[in-house]
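Engineer: If you want the building blocks of each chain, they are given just below.
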Amino acid sequence: MKPPNPQEADFFRLRAEWLRFKNHVFDANTELPTLAAVMDDVRRLMEERGSLGVVYFDLAAEPGVEAARGWQAYDELLRAFARALLSLKGERGPLSPRDIVAVTSVRSDKFLVFMRAGDPGGVDSGSMDARARRLCEKLAEAIPRFLESARKAPVPFHEGHAVMFRDPMLRAERSMHRALDEAMFMSLTQRTREDDRRLQGLDEIIGEEEVVTLYQPILDLRTLDVLGHEVFSRGPAGGPFEDAERLFALAERTGRLLDLERLCRNRALVSAPRHLRPGTKLFLNTSAPALADPTVSGDAFVRQVEEQGLDHRDVVLEITERVAIEEREAYRGMLRKLKADGFGIAIDDMGSGYSSLKALVEVEPDYLKFDISLVRDIDRSLIKRSLLETLVDLSSKIGAKVIAEGIEMEPELATLREMGVPLGQGRYLGPPVLVGASETAVS
Amino acid sequence: MRKKILVVDDEDDILHFLELVLREKGYDVATASGGHEALTKAQIEQPHLILLDIMMPQMDGWEVLKLLRVDDETADIPVAMLSARTEAKDRVQGLQEGAIDYICKPFSLQDLLAKIETIFGQVEGRGKAARER
Numbered sequence: 039m040k041p042p043n044p045q046e047a048d049f050f051r052l053r054a055e056w057l058r059f060k061n062h063v064f065d066a067n068t069e070l071p072t073l074a075a076v077m078d079d080v081r082r083l084m085e086e087r088g089s090l091g092v093v094y095f096d097l098a099a100e101p102g103v104e105a106a107r108g109w110q111a112y113d114e115l116l117r118a119f120a121r122a123l124l125s126l127k128g129e130r131g132p133l134s135p136r137d138i139v140a141v142t143s144v145r146s147d148k149f150l151v152f153m154r155a156g157d158p159g160g161v162d163s164g165s166m167d168a169r170a171r172r173l174c175e176k177l178a179e180a181i182p183r184f185l186e187s188a189r190k191a192p193v194p195f196h197e198g199h200a201v202m203f204r205d206p207m208l209r210a211e212r213s214m215h216r217a218l219d220e221a222m223f224m225s226l227t228q229r230t231r232e233d234d235r236r237l238q239g240l241d242e243i244i245g246e247e248e249v250v251t252l253y254q255p256i257l258d259l260r261t262l263d264v265l266g267h268e269v270f271s272r273g274p275a276g277g278p279f280e281d282a283e284r285l286f287a288l289a290e291r292t293g294r295l296l297d298l299e300r301l302c303r304n305r306a307l308v309s310a311p312r313h314l315r316p317g318t319k320l321f322l323n324t325s326a327p328a329l330a331d332p333t334v335s336g337d338a339f340v341r342q343v344e345e346q347g348l349d350h351r352d353v354v355l356e357i358t359e360r361v362a363i364e365e366r367e368a369y370r371g372m373l374r375k376l377k378a379d380g381f382g383i384a385i386d387d388m389g390s391g392y393s394s395l396k397a398l399v400e401v402e403p404d405y406l407k408f409d410i411s412l413v414r415d416i417d418r419s420l421i422k423r424s425l426l427e428t429l430v431d432l433s434s435k436i437g438a439k440v441i442a443e444g445i446e447m448e449p450e451l452a453t454l455r456e457m458g459v460p461l462g463q464g465r466y467l468g469p470p471v472l473v474g475a476s477e478t479a480v481s
Numbered sequence: 008m009r010k011k012i013l014v015v016d017d018e019d020d021i022l023h024f025l026e027l028v029l030r031e032k033g034y035d036v037a038t039a040s041g042g043h044e045a046l047t048k049a050q051i052e053q054p055h056l057i058l059l060d061i062m063m064p065q066m067d068g069w070e071v072l073k074l075l076r077v078d079d080e081t082a083d084i085p086v087a088m089l090s091a092r093t094e095a096k097d098r099v100q101g102l103q104e105g106a107i108d109y110i111c112k113p114f115s116l117q118d119l120l121a122k123i124e125t126i127f128g129q130v131e132g133r134g135k136a137a138r139e140r
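Residue numbers (my numbering), protein chains in the order written: chain A, 39 to 481; chain B, 8 to 140.
Because the hints were derived from the structure by calculation, they are not lab data.
Don't take each hint at face value.
[To be verified] As a list, the in silico SDA-like pairs of lysine to any residue whose alpha-carbon atoms are at most 25 Å apart:
1. A/LYS148 / B/GLN50
2. B/LYS11 / A/ARG154
3. A/LYS375 / A/ASP263
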């Protein structure tokens, strides 16, 4: 190998250094600069105009939602937010072309907009209130257009704003930071107030037992007979907790998960005998912490199930492996006891990265549920097919049956049947329905 | 499509003057008053041309040019250097480092606008030639 020419070596060294630097001042995901990178520009704009408005946005996603959907989905949300903000720049938009959009720091989910606070010269906090309000409205409208996934649910965010003024007695950066703190505080106050309100709503749902129970059939893919139903619970329709993920994430964060799950479980057990044919299975979603709940882990659970006229061997607890490592041992012990008692065990969300094969073998589950993403377009993806084939093979070796979740189209179903996947679930086979509605079958 | 020009100069008067004039002529204009800001702006704005002052405190035009050239996202943006120094050495250095033109201060407005037009013409010509090949 010939030695690199010194000029070339210099180029690559410089490039490496530059890219490292760039990674610290530009957020690669949103492609927005950080506050540090726009500081000079902001100062100049403020000095030019005498004042400048700053708007602070905090994505109000429930903390548990990132954990539930994965960081990729959250990154996508941040990208959509950034694009939506940039799309509002324009001669007639709420943002002028010279206004500055940034993130507070790399990988942050807090956004900053520096904008003219009012007409040149005449600036006051009143006009800033109005401008910020208009910006929020337009932003809320724009975000859904930039979401890549099918989920077009509104994206909640919190906003705070302030005006920074040029003051010859103050160092410019200081007055910027003061305004930033003010805007941040405003958004935080809004967040706290909203949290309180939502918490009240959650307590009301638990106190008044307002959860809605839905059933979705799980079918034997060979015969298309109903094996059983998975039970879903969510908040009342039209309310903020119609989104089940939000409901459970908030309950988890605020220590109300066990109460909420107990309510959902009771509802499911009480309604089951009226709606399920005898001998079919009832799949109950159960979080890992709820396994330690004495109403599940104790003998009382068997009694509770039998009191409803159900055979407890027809109850399958559907569990995700999302458990802290130090709690794994205790968790597996509880699973083993439930199995010994005769309950079925299903591992949910296989393929989402939480489940390790070793853990699986130890628990000896009866069912493995595969993630929607593994099934999507399986008729067209060779890699997904061979991956699923391997998993089906493996499952039968450890004595578990595979349930393919999220079947939405005929070709997906055909492929899965052809491959010998024993069980399936999804909108195509029957969407979740409110209890009381009629039984569903393949259309 | 409207062309966007990034003007980099540490003297606010020159910056404002150029911003006004170029906007008047129908260009989109972004400005930066120092080397660091110039690099940031080049990333965000992705201008079609950068007018870059050489003599700036902290980070001079040569350094900015070098850093623009090592990043794939800015490597292809044409850069014209602005300078009060008229030595031939500077000219040569500018062209070696990948600047597309060299404009001496003080410049007449007509000259500057004509140069900008020429540069955009060249860039388009280059693109066309590349396509035809």
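Engineer: With reference to the structure, classify each hint as holding or not holding.
Structural biologist: Against the structure, the hints:
1. A/LYS148 / B/GLN50: Holds, at roughly 20 Å.
2. B/LYS11 / A/ARG154: holds, 22 Å
3. A/LYS375 / A/ASP263: violated, 30 Å
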